[in-house]
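Student: Sequence:
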Amino acid sequence: MRTMSTTDSFARADAGLDEALVALRRGGDAWSNRSHAQRAKLLRSLHAAIVPEARAWADAAARAKGLSPDENLAGEEWVSGPYITLATVATYVRDYRQFARGRSTSDGLRFRHVPGNRVAARILPENLRERTLFNGFSGEVWFQPGVSEERVRSRAGLGAREPGVNGGVALVLGAGNISAIGPLDVLYELVAHNRTSILKLNPTFESLLAVLLRAFAPLVDADVVRIVNGGADVGSYLAQHAHINKVHITGSKATHDLIVWGSGEEANRRRAAKDPKLTTPITSELGGVAPVIVVPGRWSKADLQFQARHVVTMRLHNASHNCIAAQEIIVPTSWSQKDEFLAAVRRELGEVAPRAPWYPGSDAKLAAARRSHPEVEDIAGRLLTRADVGDELLSEEYFVPVLGYTEIAGSGAEYLDAAIDFANDSIFGTLGANIIIKPSDRAAMGTGFDTALSRLLYGSIGVNAWSAAAFLLPNATWGGFPGHTIEDVGSGIGVVHNGHLFDDAERSVITGPFAPFPRALPSLFPTPPWFVQSRSVLATSQRLTDYAAKPGWRRLVPVLFAAYRA
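Going by my numbering, the sequence shown opens with residue 11, and the numbers climb by one from there.
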């Protein structure tokens, strides 16, 4: 009996992939013939199929990261897996129902004018339950300069507006750090662009294949989604396949460029000739170096502690393996509380419970950071260092617990403008940026604050909120700032999520509370459940997923109780 060779094995895998793509082409024809009401019904079936798999999904993701499903940090996997997927599916069901009633996905939204000849749509909160659940938070989508409210409303819906269109088949190359990324990208291709998709899971999440196949069974049965495991060979085979009409990748710039241009001398030759190896259109989300701009003010000790905890959460969530993780703090040179704030950051870095980096290559990355920064402070395995212009910390996404800080001269609006220039010009990437500012200091700037904000060229901006919140809000957009190309891809091309299916979106701006309520008695308010220091992450996340499974006041109240249990 002949032993099967590696070549034989891959040939058999090729055949299975070819069959999957043929089925997806067939499914695309059927999808194009479904009415809005029929599409809504199918997505409701998807929502119902995900619900009983939520625990298995979160548990498998936790185990993939070396966590016990019962430990507190496993709550992160509930939120960044089944919760956000359920919430997003429900959002797209809402959209199809709007179309079926002859309405638009922009109906009911409030718009305002913002600097730079732009308009912005309010996307949070949109109802009383959202106002309660996201108490103190608000969100807007800003549109590109010159785009009017009338144009936004007339184009809202993208490819979902008109049945009868077949967008072909997409290859979605899933990320290896957040388990919902691939599923959400598949959904966006289907809803926004009428494309069926084959999702290749990242090898770090290969153990999720079975649970995702069960959760997405309605879409698999309808031949609009296929999910497969495989390494770079499978991804390469699919990317070059004649049946693939579009590629979407979440990952690194290096991986994107390898797919588009090849490697070594081939890549150099192709770039010079403007002859990409990949001729299929590609969109991408590729991360970057996320800045935190700290605007000076007179802060209480409670403010300093809260914001230090906030920044450390931005860095250490998911063991720092986030494309949106804060990597660079920008502080004013002359701020009288600068040293006190940085000392609070050091304390928080040291007090957060140890968590070993789990992403492949993390040890080598940390070792490289130590070698290139001889003066680095090692705080319980987390690195803190000064980073000036030209430092690789500003030009390379580390994906491990390394945090830099830079001092910028000036105060008030002058400092904010200089810090924004630094973030735009000296830091790699445009995915997300953060600003921390006391409300009274923002008010003192008047319209100047929004003018400064308009100059911060990032796809998601958090004001007293981590910009990662945009990922967890289905109605927000997610992606790098517009303008990147395959030659200079930066943080990527295009957006995903985008629950109202806007065209011409430029960025999402999420605003949160500067300090917990009641501010005078911060000890009465527990650590927010999304902070890495919280003791209620697991309980709150499970209740939140229950709420997403069947939204209603009866399921919202337990979320609030869990969140306030510190």
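It is possible that part of the hints are untrue.
To be verified - In silico DSSO-like pairs for lysine-lysine, Cα to Cα no more than 27 Å straight-line:
1) K287 with K256
2) K263 with K311
3) K284 with K256
4) K560 with K51
5) K311 with K448
6) K448 with K348
7) K287 with K263
8) K263 with K375
9) K311 with K287
Said to hold, decoys possible - Cβ pair distances, simulated, as ranges:
10) M455 with K51: 46 to 52 Å
11) S421 with P523: 20 to 26 Å
12) N137 with A419: 29 to 35 Å
13) A25 with E385: 52 to 58 Å
14) R122 with R35: 39 to 45 Å
15) A377 with K348: 45 to 51 Å
16) P125 with S45: 38 to 44 Å
To be clear, the hints were calculated from the coordinates, so they are not data collected in a lab.
Note that the Cβ used here is the ideal one computed from N, Cα and C, for glycine as well.
Student: So which hints don't hold here, by number, going up?
Tutor: Violated hints (numbers, rising): 2, 9, 12 and 15; every other hint is consistent with the structure.
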